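Peer 1: Each chain is listed here by its residues.
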Amino acid sequence: MSSLGRAWGHLTLPGKIVFTVVPLLAVLSAGLVATIVLFGGAAWDLVQSNLDFVRFLAAATITLVITIPVAFVIIYMELKVIAFMNLRVGPDRVGPAGAVQSVVHGLKVLTKEDFTPTGADPVVFTWAPVVTYGAAVMTLLVLPFAPGLYGQDFNIGLLYFFAVGGLGVVGLLMGGWSSYNKYSLLGGLRSAAQIVSYEIPLTLSVVGLLILAGTMSLNQIVQQQSGWFTDWFVFRQPLGFVIFFIAATAEGNRTPFDLSEADSEIVAGFATEYSGMRFGFFFFAEYVNVFILSALTVVLFLGGWNAPFPFPDLSLALDPGSLGIPLLFLIALVPVIGTLVLAAPFYLLRSSMRWWVALIVGFVLFNVVAGGLTFAWAYVSFDWVAGLVWFMAKTFGFVFLFVWMRGTLPRVRIDQLMGFAWKWLLPAALLNLFATAAAVVVVGS
Amino acid sequence: MTTKTGQHPSADDPRVIGQHPSADDPRFIGLHQSADDPRVMLDDGVGVYEPVPPYPPRTEREAEFYTLGEGEMFLNAGPHHPATHGVLRVVMKLDGERIVDLDPVLGYLHRGVEKLCENADLHQTIAYMDPLEYVSSLFCEWPAVMAYEKLLDVKVPPRAEYIRVLTGELNRISSHLLAMGFHALDLGGITPILYSFIERDEIVDLLASITGQRMLFNYFRIGGVNGDLNHDFMSRLGDWMSRAGSEVMSNTTLLNENEVFVRRNRGVGVMDRETALGMCWTGPNLRASGVPFDLRRAHPYSVYPELDFDIPTRSEGDSLARYLLRIDEVKQSLRIIDQCLHQMPDGPVTAKLPRLLRPRPGRAFAAVEGPRGEYGIYAISDGTDQPFRFRIHDPSFLHLQSFNVLAPGGLIADWMAINASLDPIMGGIDK
Amino acid sequence: MSLIPGLGLARGMALTLRRFFQPKATIRYPEVQADIPPRFRGRLQLLYDEYGTLKCETCFQCAQACPIECIDMGGMDTKGRFHVHWGAAETYGERREESALRRSGRPVPDPAYTPFEGLDVGPVDAILEGFDHDPAHLLAILEGVQAHYGYLPVAALKRISQTTGTWYAQIYGTASYYAHLRFDPPVVAGDAPRSPDAPGTSRPGDASYLAGLGASLTGRPGGDA
Numbered sequence: 001m002s003s004l005g006r007a008w009g010h011l012t013l014p015g016k017i018v019f020t021v022v023p024l025l026a027v028l029s030a031g032l033v034a035t036i037v038l039f040g041g042a043a044w045d046l047v048q049s050n051l052d053f054v055r056f057l058a059a060a061t062i063t064l065v066i067t068i069p070v071a072f073v074i075i076y077m078e079l080k081v082i083a084f085m086n087l088r089v090g091p092d093r094v095g096p097a098g099a100v101q102s103v104v105h106g107l108k109v110l111t112k113e114d115f116t117p118t119g120a121d122p123v124v125f126t127w128a129p130v131v132t133y134g135a136a137v138m139t140l141l142v143l144p145f146a147p148g149l150y151g152q153d154f155n156i157g158l159l160y161f162f163a164v165g166g167l168g169v170v171g172l173l174m175g176g177w178s179s180y181n182k183y184s185l186l187g188g189l190r191s192a193a194q195i196v197s198y199e200i201p202l203t204l205s206v207v208g209l210l211i212l213a214g215t216m217s218l219n220q221i222v223q224q225q226s227g228w229f230t231d232w233f234v235f236r237q238p239l240g241f242v243i244f245f246i247a248a249t250a251e252g253n254r255t256p257f258d259l260s261e262a263d264s265e266i267v268a269g270f271a272t273e274y275s276g277m278r279f280g281f282f283f284f285a286e287y288v289n290v291f292i293l294s295a296l297t298v299v300l301f302l303g304g305w306n307a308p309f310p311f312p313d314l315s316l317a318l319d320p321g322s323l324g325i326p327l328l329f330l331i332a333l334v335p336v337i338g339t340l341v342l343a344a345p346f347y348l349l350r351s352s353m354r355w356w357v358a359l360i361v362g363f364v365l366f367n368v369v370a371g372g373l374t375f376a377w378a379y380v381s382f383d384w385v386a387g388l389v390w391f392m393a394k395t396f397g398f399v400f401l402f403v404w405m406r407g408t409l410p411r412v413r414i415d416q417l418m419g420f421a422w423k424w425l426l427p428a429a430l431l432n433l434f435a436t437a438a439a440v441v442v443v444g445s
Numbered sequence: 001m002t003t004k005t006g007q008h009p010s011a012d013d014p015r016v017i018g019q020h021p022s023a024d025d026p027r028f029i030g031l032h033q034s035a036d037d038p039r040v041m042l043d044d045g046v047g048v049y050e051p052v053p054p055y056p057p058r059t060e061r062e063a064e065f066y067t068l069g070e071g072e073m074f075l076n077a078g079p080h081h082p083a084t085h086g087v088l089r090v091v092m093k094l095d096g097e098r099i100v101d102l103d104p105v106l107g108y109l110h111r112g113v114e115k116l117c118e119n120a121d122l123h124q125t126i127a128y129m130d131p132l133e134y135v136s137s138l139f140c141e142w143p144a145v146m147a148y149e150k151l152l153d154v155k156v157p158p159r160a161e162y163i164r165v166l167t168g169e170l171n172r173i174s175s176h177l178l179a180m181g182f183h184a185l186d187l188g189g190i191t192p193i194l195y196s197f198i199e200r201d202e203i204v205d206l207l208a209s210i211t212g213q214r215m216l217f218n219y220f221r222i223g224g225v226n227g228d229l230n231h232d233f234m235s236r237l238g239d240w241m242s243r244a245g246s247e248v249m250s251n252t253t254l255l256n257e258n259e260v261f262v263r264r265n266r267g268v269g270v271m272d273r274e275t276a277l278g279m280c281w282t283g284p285n286l287r288a289s290g291v292p293f294d295l296r297r298a299h300p301y302s303v304y305p306e307l308d309f310d311i312p313t314r315s316e317g318d319s320l321a322r323y324l325l326r327i328d329e330v331k332q333s334l335r336i337i338d339q340c341l342h343q344m345p346d347g348p349v350t351a352k353l354p355r356l357l358r359p360r361p362g363r364a365f366a367a368v369e370g371p372r373g374e375y376g377i378y379a380i381s382d383g384t385d386q387p388f389r390f391r392i393h394d395p396s397f398l399h400l401q402s403f404n405v406l407a408p409g410g411l412i413a414d415w416m417a418i419n420a421s422l423d424p425i426m427g428g429i430d431k
Numbered sequence: 001m002s003l004i005p006g007l008g009l010a011r012g013m014a015l016t017l018r019r020f021f022q023p024k025a026t027i028r029y030p031e032v033q034a035d036i037p038p039r040f041r042g043r044l045q046l047l048y049d050e051y052g053t054l055k056c057e058t059c060f061q062c063a064q065a066c067p068i069e070c071i072d073m074g075g076m077d078t079k080g081r082f083h084v085h086w087g088a089a090e091t092y093g094e095r096r097e098e099s100a101l102r103r104s105g106r107p108v109p110d111p112a113y114t115p116f117e118g119l120d121v122g123p124v125d126a127i128l129e130g131f132d133h134d135p136a137h138l139l140a141i142l143e144g145v146q147a148h149y150g151y152l153p154v155a156a157l158k159r160i161s162q163t164t165g166t167w168y169a170q171i172y173g174t175a176s177y178y179a180h181l182r183f184d185p186p187v188v189a190g191d192a193p194r195s196p197d198a199p200g201t202s203r204p205g206d207a208s209y210l211a212g213l214g215a216s217l218t219g220r221p222g223g224d225a
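Chains as they are written, first to last, in the numbering used here: chain A, 1 to 445; chain B, 1 to 431; chain C, 1 to 225.
The hints are simulated quantities; they were obtained by calculation from the structure and are not laboratory data.
In this text the structure is predicted, and so the values were computed from the model without any measurement.
C-beta atoms are modelled at their ideal positions from N, C-alpha and C, and glycine is treated no differently.
Where hints are given, some of them may not hold.
To be verified - Chain B stretches covered by chain C per the calculated footprint, using a threshold of three residues with CB under 8 Å from any CB of chain C: (1) 206-213; (2) 225-236; (3) 252-266.
What the hints assert, rightly or not - Non-contacting residues of chain C with respect to chain B, defined by C-beta distances greater than 10 Å in every case (computed): (4) 31; (5) 40; (6) 46; (7) 48; (8) 53; (9) 54; (10) 71; (11) 118; (12) 147; (13) 175; (14) 181; (15) 182.
Put together the whole structure using the sequences plus the hints.
Peer 2: Spelled out as structure tokens, the structure:
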């Protein structure tokens, strides 16, 4: 015992963790294998008989989890892009070029004190960020990322999107009201008034598109835009696109319409009294909203997952299974040979380079090349990879646009905001609707 | 959220006024019974700060201000509010978001500089001048040394006067750049302030190479300046002057034509000529209201009569005019610097003076045109080496008093635009 | 604002996008340190001469000129007679304790050795009464004391410090700055204290300044001085 205890005492903290976790994992895996062997058939039958429910469960889990890396990426993008536009360097201490800065921000928020101010309504105060975040996640469920890659295909997908997306403001209002702070109250009411006003042009601006598309299912709307990029709805509904984008900016509380958290006027708006992870949820929800609104713009007007031109139908006549035993040799030998081949020029041509440095360089290069080739193969072979690439590229283009606007524009005033919505956007949206309807009637008849 | 006069908002709120658990705890009986006990104070719902003062109203104005009408509420902005340019506190009476009335509360940065100066000898007081307007320190030193030179009847060498004008105009540009940047920041634009800071950093480095400090220069001396121009300064100044105009102007395209920015400022905080004069406004704010009053021309001092420059004026008198006028002034300052460099004579930079200065009994007032208006120093000497009375006249203080004229009727966001365009510095206001 | 709506916004957006690709202005601080300007005055430093001796003579001129009174010093005077110290007694009292002085290698004051001779301070009090115990007239007081005693006795300086509330080191600094003030009796033995012709007694330090001030205050606004 004493020798065992002494050995344990000599271990460092990582060592202790490893020596605890590895046996635990071994036991658990053994148990899992045993369970699958014993009850696997019955469980599989259960899954088979409830496939829809299981699929929904998986989709919901994935959409919930996917928001976190998405928010991290957008936060990092915002930090870095605005810094570059300000002629600053931005975060560059944590990770390569500050890449994990937003993750560390998240951890910081997580470890901060979760504080409820005196006089706040604790129940509403606690639930407000949950409502906002939940609304954001729920809208993500109907977005088609790629062919066959979506949470749920509703035939009323767009309606569901607007209905659930509007719930987010309830969370802001709850947070603003329950904080027992006048700044919070002003922020909450501002965001409520703003979103009530901008929901109308936002919804009306897509009605023309709906007349053209004839469906509310986001999947089908995307499918109708396949082909060349001229088939995208942005070229058939330019006014609708502009109105939609402006209204979406206001809907997402982004500059120049970020009145609900106008830091120079009402401190932090509805989030003034929030701290810790409750603030973190508000913060995350904002960035998830940016992603969702960009994604929706892409889906509705910019062809969703479609490439801007019909991709030549390449199919790689390569079936790895047909190689048989040589496949194993290939898997075993190609990395080694590739690394050596790529390392050789460095070692031979640069006398100052040590052999092991050259090997490392070769290994990295080989991984880059192999990764690129694998990606190209996947892009050609699978529709959903190609679709996801285009979808994400377009979406992050719009995210960049949002960030760019944040880096450039000042904030509008509340009465100008309202006046703009009711005096300009709403008539323009109605005009767009009537023009589209008239065109459909004239052309269609 | 409405309250009656002087009554705490949470007085009838069952959520807030709860007995502290320790009140019933037998272990705590007999403890925490004093009204001063922080734990007892904590029970009284102090978590929500109410701007109503705890004492009964002392003046009619106070009684009127702290009585709320139907649907009105108080909003306490500051002293830690992000847009109050320091530690200004403003109690606003709001109807929705519309400001009905407001009351600036000063004194959070009061250091008693005037009294400190009356207990220091003449040289030492110059160091106290710097932190008054920390973004334009030279303009606070300047009237002080001018007043002492009047008291002592000292003739300043012409080279020293030229150096004062040169460094002063550099400092004016840096101050205006900062004002323009913070104007945008208060309206929500985060980028212009950083562009301003890049140019300001250049100027501040330039001044540091001759004064030794980047912010609180302490450079002017009675009868001259502390040290001649050096090679480092001259080469970098020439470098900067060759591109300053284009850099500053290209940065202003971010705001000057920006619809959002223009709409936020046009017609906001309009001040007419007569009210501006009645409110004792000076400087760019007065000139934006159409009064071409500039001390450099109206009461010429130093070598300004020998220099050729214009006094830009605008007639609108709104926040936008005040912002644009600062850009015009930057251009004029660049002209003045150029002329200073060409006309600067050779010679000493300090008058010969004894180390311990004892002016004859008397008094003197000196004023200069700073980036915010007229900075003045009124000094009385009783024949000792310390000033008998030392009065600082600061323009920001007088601009601040017009909040009650400009802001009511506008929105909270308008108040940000007004405050930013008046460009007050709390260090000088609270003294 | 331009005629075409949105053109101003677009130009601003174009500017920020151009800046996005320009070199950055940030100084990466721990790796790159900013230059300290040649005339930087932010650091107090004691200088040594070429023989390795401290150049500071404990003249207190720097401490006296420091407006925020952050300079504090102590040392022996030039004759090695007594220890002088700059700083408020209540603030720096612990530094005058025996143990602190012994640790710092400074001479330890011992009340058994009287550092100065006793003196009849009646005349000093009379002079101070004439100046209303106002330390602003320190030079005139010192001149008056010298005029009475012929030199500045340490006991008289201590008395001035005690009654006016001025730090002893400040009085010492003032007295040691002027050439006509001396700490030792004049070398010519036997002569009586010189009274009327000491320099400095005719300066506007007494009641005349009030008259002058009053006259100037009734004068033309704007100040003629």
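Peer 1: Run every hint past the structure and note whether it holds.
Peer 2: Status of each hint after checking the structure:
no., hint, in the structure
1, 206-213, "holds (count 6)"
2, 225-236, "holds (count 3)"
3, 252-266, "holds (count 9)"
4, 31, "18 Å, holds"
5, 40, "5 Å, violated"
6, 46, "19 Å, holds"
7, 48, "22 Å, holds"
8, 53, "25 Å, holds"
9, 54, "23 Å, holds"
10, 71, "12 Å, holds"
11, 118, "32 Å, holds"
12, 147, "20 Å, holds"
13, 175, "13 Å, holds"
14, 181, "14 Å, holds"
15, 182, "19 Å, holds"
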